[in-house]
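J.: Chain by chain, the residues run as shown.
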Amino acid sequence: MNDIIMSARDIRKSYNVGTENELEILHGIDLDVHKGEFVSIVGSSGSGKSTFMNILGLLDRPTSGAYTLNSIDVSKSTDDELSHIRNREIGFVFQTYNLIPRTSAIKNVELPMLYARVPERERRERAEMLLELVGMKERMHHTPDELSGGQKQRVAIARSLVNHPSMILADEPTGALDSATGRIVMDLFHKLHKENGITIVLITHSNELAEETERVVTLKDGHIITERAGLRYAG
Amino acid sequence: MLVENIKLCLTGLMANKIRTFLTMLGIIIGIAAMIAIMTVSDAMNSSVMNSMGSMGADKIEVFIMQKGYDESTSREMKTKDYFTDEMLDDLKQTFGNRISGIALSKDIGSSRIEKGKSYANIQLKGLNPTALKSENLSMLKGRSITEKDEETLSKIALVSDKYVEKIFGGDEKAALGSEIEVLVDNKYYTYTIVGVYQYIDSGMSAGFSQNDISTNVYIPFAVAKMQVEKGDLYDEFSLKAGEGTDPDTLCFEVQNYINTKYYEDNDAYESYAYSMKAQLKQMNSMLSTQKNAFMAIGAIALLVGGIGVMNIMIVSITERTREIGTRKALGATNNDIRLQFIIEAMVICLLGGIIGIITGLLFGMAATKVMGYQGTASVAGILACVLFSMAFGLFFGYYPANKAAKMNPIEALRYE
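Chains A and B, in that order, give the protein sequences. For reference, each letter of the first sequence is one residue, going 87 to 321 in the numbering used here. For reference, each letter of the second sequence is one residue, going 7 to 422 in the numbering used here.
Pulled out of the complex, with its shape left as it was, chain A reads as follows (with noise of 0.2 Å):
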């Protein structure tokens, strides 16, 4: 199929590799997103979500294994090289928003374009652009100590789709939020997925949540137990 986005195939991952206490996390994870997908991968704390997440979103490189992202085999850039694909190819959504303090809603959202080249006026034309879709125009030139939690996971969204990226990365983006804000975020993903067709993987350690999701992906100690379409899921 053509239209995968993201292939990784038999993903390992060690730390202290070559000495007595090596250890393997990630013991060969199969993973295929296509494009305009929602895919959540689940997991309790110590599955190996984290550092799948982390692979996944180029911030760390896996002990072996391929890594496909939008055709780009990822496997042997360079850390630049990294840098500017998650620059271009993956929008991160954090739990804790990770907004740049003292800096306006719009500067926020222009900051992975600034390191994307990008001119200036686009980029404002842009951010502006983005900041209506999230809901969080009227507040663009507030600053994030402004802003409430679901406020600012708005802004950050948006950030996060300003260079078109090929999937959406979101760690637990509404683990910091009380139920009701969460459930505007959500709303908004899936918003985002139906209306723009956006691909979103959803890092989650919640089943319920993970069960709104188009495919529900299950993590244990290192391997997918389970892979299947979520229950609630809206589609």
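One thing to keep in mind: the hints can contain errors.
As the list claims (entries may be wrong) - Chain B side only, calculated, beta carbon under 7 Å to chain A, not exhaustive:
# : residue
1 : ALA335
2 : ALA338
3 : THR339
4 : ILE416
If you're looking for bench data, these hints aren't it; they were derived computationally from the structure. The structure presented is a predicted model; accordingly, all values stated were derived computationally and were not measured. Just so it is clear, CB atoms sit at the ideal spot from N, CA and C, and this is done for glycine as well.
Based on these hints, arrange chain B on the given structure of chain A.
T.: The following block gives chain B in isolation, referenced to the frame of chain A:
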């Protein structure tokens, strides 16, 4: 990207005004000290050099000195110990056109001329034509002293515009032709004023109030000679080296010649000559040594400031670990991060440097004013300070910036 980084950095610095200012303080003090020192010492230097240079680098001073430092040979000067006109004529003949002129002067004394409530302090001096010429007077009114005045022993005098201002209320016309009566050692001397020259502050009168500055009244040398005791005996004279003659060599030869011919048998005194050129050189090196010593102190202050910047940068980077992790996740390369923090350090140092330059100039100018010198800002010095502070930013920013650039994004993102 560079512009963006600078903008970003400025907003960051503005958001943290107090910390930014404290970080800059070391640089401000260091640069201010350097600039102030430079301004003051340049002013001192050029003032001293000007006043010495105006006397002429081709000038050689000759005077009488005690032989050795032995107390037993020490005694009062007698007639035979002095330079005489015969000796000077001999010198002229022997050295021919290697000596272009011999300057002689007689200090008659100082006095205060009063008129109504105002007064003028004066020094009465007899100068021969060569000596007068090397004073480089610029005549404002009337004439100077001529050879003929020397021959005819005219009792005439040149006064300064300052004198005219005090005694004649600035009316130079009224001054010309009027008489000046000077009381020195209970004797009255009377001269007719024939010329007014422009007084130039040599910087040597620092500390005197404008009212008390003493200016010279010049009279013909031949007249002065007659009016003082031992008028034809000199304890010093100066000569000018002729065209193409090295003053240092001439100085050495003249001293040797006089000592061999006239002071070989003298039990207590001999001549000593020094050239202004050598003096200038010595003065120059002394002043620059002094300046360097002060600059070194300023440099230490600057160094401490720079270390302060590095310290704050390291703290700031630790504080912003999460931000760095985020930036990396969003696609910043190591170079982007390094550049960001180097620019931040350089901007801090540059701003500190600029504030320091302004402060230093203010202090330096104020100090030179108090000391009575002409203070000028050294453009080269300022440029050097600007470049220096940027280089400091680069130097002290590099280590912390590099530390930030090399952070592992995963650990940085997880940092609490």
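J.: Taking the hints in turn, state whether each one holds.
T.: Hint by hint, here is what the structure shows:
1. With 7 Å as the threshold, the beta carbon of ALA335(B) comes within range of chain A, its nearest partner Cβ sitting at about 5 Å, so the hint holds.
2. Against a cut-off of 7 Å between C-beta atoms, the interface hint on ALA338(B) holds, since the closest Cβ of chain A lies about 5 Å away.
3. For the restraint placing THR339(B) at the interface with chain A, the shortest Cβ-Cβ distance is roughly 4 Å, inside the 7 Å limit, so the hint holds.
4. A hinted interface residue such as ILE416(B) counts as satisfied when its beta carbon comes closer than 7 Å to some beta carbon of chain A; here the least separation is about 5 Å, so the hint holds.
The structure fails none of the hints (numbered hints given earlier).
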